[in-house]
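A.B. asks: Residue-level listing of the chains:
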Amino acid sequence: MIENTKCECGHQNAVGTVLCESCGKPLSEELLRGTGPLEMRYDGVARRSMRANPTPIDRVWNFFSSVKVAVYLIIVTLLAASLGTIFQQENMFINRDPAFLLSYYKENYGWFGELYYRLGLSRTFESWWFRGLLFMIGTSLVVCSLDRVLPLYRALKNQQIRKHPTFILRQKVSYAATLPLDAHPSEPSGPADQEEAARRWVERMSAILKKQRYRVHTDGTALLAEKNRFSRWGPYINHIGLIIFLLAALARSVPGWHMDEYYGFLEGQTQKIPNTPYYLKNEKFTVDFYKPEELPEGMRNQGALVPKMYETQAVLYRCAADCDDPSKQPVLEEVARHNILVNHPLKYKGLLAYQYDWQETPQLISVRATLKNRQTGEAYGSFVLDMKQPQDSYVAGPYQLKLRGYYPEFAFENGAPVTKSNDPKAPAFIFTITGPDLPPEGEPYIYFPREIDREQFGQDAINGALGRKLELAVGSMDDVQVALYTSWLNIRVDKPLPYIWVGAAITVIGLAMGFYWQHRRIWLRIDGDRLLFGAHTNKNWYGLRREAAYALNRAGIAVDAKTLETGGKRS
Amino acid sequence: MQIAILLILAIVGAFTVGGSLFRDNDLPQVGGRAPDFALVGLDGKTHRLSDYRGKLVMVNFWGTFCPPCKEEMPAIEKQYQKWRDAGFEVLAVNLAESKVTVDSFVKQLNLTFPILLDDRMEIRKTYGVVNYPTTFLIDQSGKIALKKEGQMDESFIEQNLIKWLGKM
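Sequences listed follow chains D and G, in order. First residue of the first sequence: 1, per this note's numbering; consecutive thereafter. First residue of the second sequence: 1001, per this note's numbering; consecutive thereafter.
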């Protein structure tokens, strides 16, 4: 079907135009026959998506340009997001091993929990379909905005001052009257005089409206007054803000741009932060508890230990070389040093390390052992024995100690030594000692650094004669290095965060523009002595009616603001 | 212009949706590609999984603190001796124990295949191993043919070797 879109004023309009872009006359017969106020959305211009013969690309465009589709997308996204709030999301867990997660959901939430996990709803917000929905909302925002803002911008930029009578009279606020233009008593009046008088009346009106801060354009006996057009751009600026916000949120999936993980750092240990070039060392962890007299009555009686302050003395290193070569130790350089307290994170180039939790995990790190003559007490020499990665051999004076075996959690099983775990809970070292008065192939010697293990497993009995001759011992507590605590830190990287703030700020600016200002327009034309007056706003009709009535009254037409309303819903 | 805008949108869309579809933190599955790794062995050399492409590789995660891990080692050693010339290789990844501990155990059992030291447990985490022992059989093209949690006996190993080596 070919629609005739040429207006009687001679303007050729695009398909889908409701009101002539030039004079404002309604283009369809149906609209012309009606009497109610005209639909002024987008000033009656055709949206971009209204094409006569849409191509497949146009169809995609048209789908996303529909506000109805946008509303459905938002509803579906809200429902999908609510699915993600039924149970805890996976990213709340420190341990994300699938087997653990499956059993957690199963045990805590029953069969529905298992289904929830298996369907991937425990990862709702990272799932492809949720991100797909967000992306479609973003697309809809872009397309809807462009589809409307460009034609609207063109329409508002090239406004005809003299509008069609139907257009003016069928505004929601309108007024028609015969002006007493030839009431000049002295002179007889002709059509030229009448037009001159009409011109003067329009000029007077123009001055009145200018005082009301309208921008006034006149065309002989026609007038267009306009104020606060910028508020029409509010929704689109708001959309730009939302798009920046969405893009920033999606940018979190760019590798290295976002991280929110929890890691435990044992005192004295330097540990790699996965997926970053950084290493963090927990030099020392301290915790202060409230004294009983500082606590309220109820808590004091429970004997609760309430931490007052806890702190991790942390050093951040950056790997400078040999980072990925397993055969070499990475070369680390210190880049930051900070005492991490709750709400006082270590910050370095967008990497944040927050104090999250702590745990008492007492364990031996190393001891400085001294080899002594058991009879005379003479010390031959000492060495540092590491509980994680001991060396192959040690030298103490004239003696050499070759390490034959190391059992972090020593136990006997069927008469043979075994280790029950890889944590130094009951460490035992088996040496072969060679030196003065010992056979050349050496003699075995077992050493338990912890007193309690020495007694339990009977170190002296196992060592026999050699144990009566030589003794490995620790001098004082200064020779024992112990890690008491594991400090749990929350490591965060959030590079898109500033963009999220920028997007949010632009959104608020756009909202304010649209909410606190209104685009008001007044059209009038005088044909002979007949005045046609119409006004339009996008909101706050009450204010517009008052302004219109005030202007008319000042121009000598007594009119009550309420009578200007021609119909439609009152506001 | 319409086309340009839709094109840009499509690229952003492919990135966002694709990004969450192909997350690389998904754990290795049977039939999927075995993540490559490089670890230092007890022999002091660096062993890289991809260097063994073309062979059937058994990656076994173990520790001396785990009794079933220790018990299955002689069976693995026997099968290794039997099939190594047919293109079978074993990489036994130790779970962050001290060198001395591992060395004394290996010498005691006379194990001849490479023992790798996963000092920081990075490879364990990459492979999502939570129960010990866990064994992966990686075929000649680098795909995971089998994942077995728990102790294996000799006939289980042999059956699978025959199957995946294509020998009857």
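Treat the hints with care, since some could be wrong.
To be verified - Covered, in the sense of this in silico footprint (three residues per stretch, anywhere, with C-beta under 8 Å from a C-beta of chain G), are these stretches of chain D:
# : stretch
1 : 9-18
2 : 377-391
Unchecked claim - The calculated BS3-like cross-link candidates involving lysine-lysine, where the alpha carbons are at most 27 Å apart (straight line), are:
# : chain 1 : residue 1 : chain 2 : residue 2
3 : G       : Lys1082   : G       : Lys1163
4 : D       : Lys420    : G       : Lys1107
5 : D       : Lys425    : G       : Lys1070
6 : D       : Lys328    : D       : Lys272
7 : G       : Lys1148   : G       : Lys1070
8 : D       : Lys328    : G       : Lys1045
9 : G       : Lys1099   : D       : Lys402
Everything labelled a hint here was simulated from the structure, so no lab data went into it. All residues carry an ideal CB built from backbone N, CA and C; glycine is no exception.
A.B. asks: Each hint: holds or not?
C.D. replies: Hint-by-hint comparison with the structure:
Counting residues of the stretch 9-18 of chain D whose beta carbon lies closer than 8 Å to any beta carbon of chain G gives 0, which falls below the threshold of three, so the coverage claim is violated. Proximity of the stretch 377-391 of chain D to chain G, defined as three or more residues with a beta carbon under 8 Å from a beta carbon of that chain, is established by the 3 residues found. Between G/Lys1082 and G/Lys1163 the CA atoms are separated by roughly 15 Å; this keeps the pair inside 27 Å, and the hint holds. With a CA separation close to 19 Å, the supplied pair D/Lys420 and G/Lys1107 stays within the 27 Å bound.
A distance of roughly 21 Å separates the Cα atoms of D/Lys425 and G/Lys1070; the hinted pair therefore holds under the 27 Å criterion. At roughly 15 Å between alpha-carbon atoms, D/Lys328 and D/Lys272 fall within 27 Å of each other, so this suggested pair holds. For the hint linking G/Lys1148 to G/Lys1070, the alpha-carbon distance of about 16 Å falls within 27 Å, and the restraint holds. Using a Cα cut-off of 27 Å, the hinted pair D/Lys328 and G/Lys1045 holds, with the two alpha carbons roughly 11 Å apart.
Restraint check for G/Lys1099 and D/Lys402: satisfied, since their Cα atoms lie roughly 13 Å apart, inside the 27 Å limit.
Comparing the model with each numbered hint stated earlier shows that hint 1 is the single one that does not hold.
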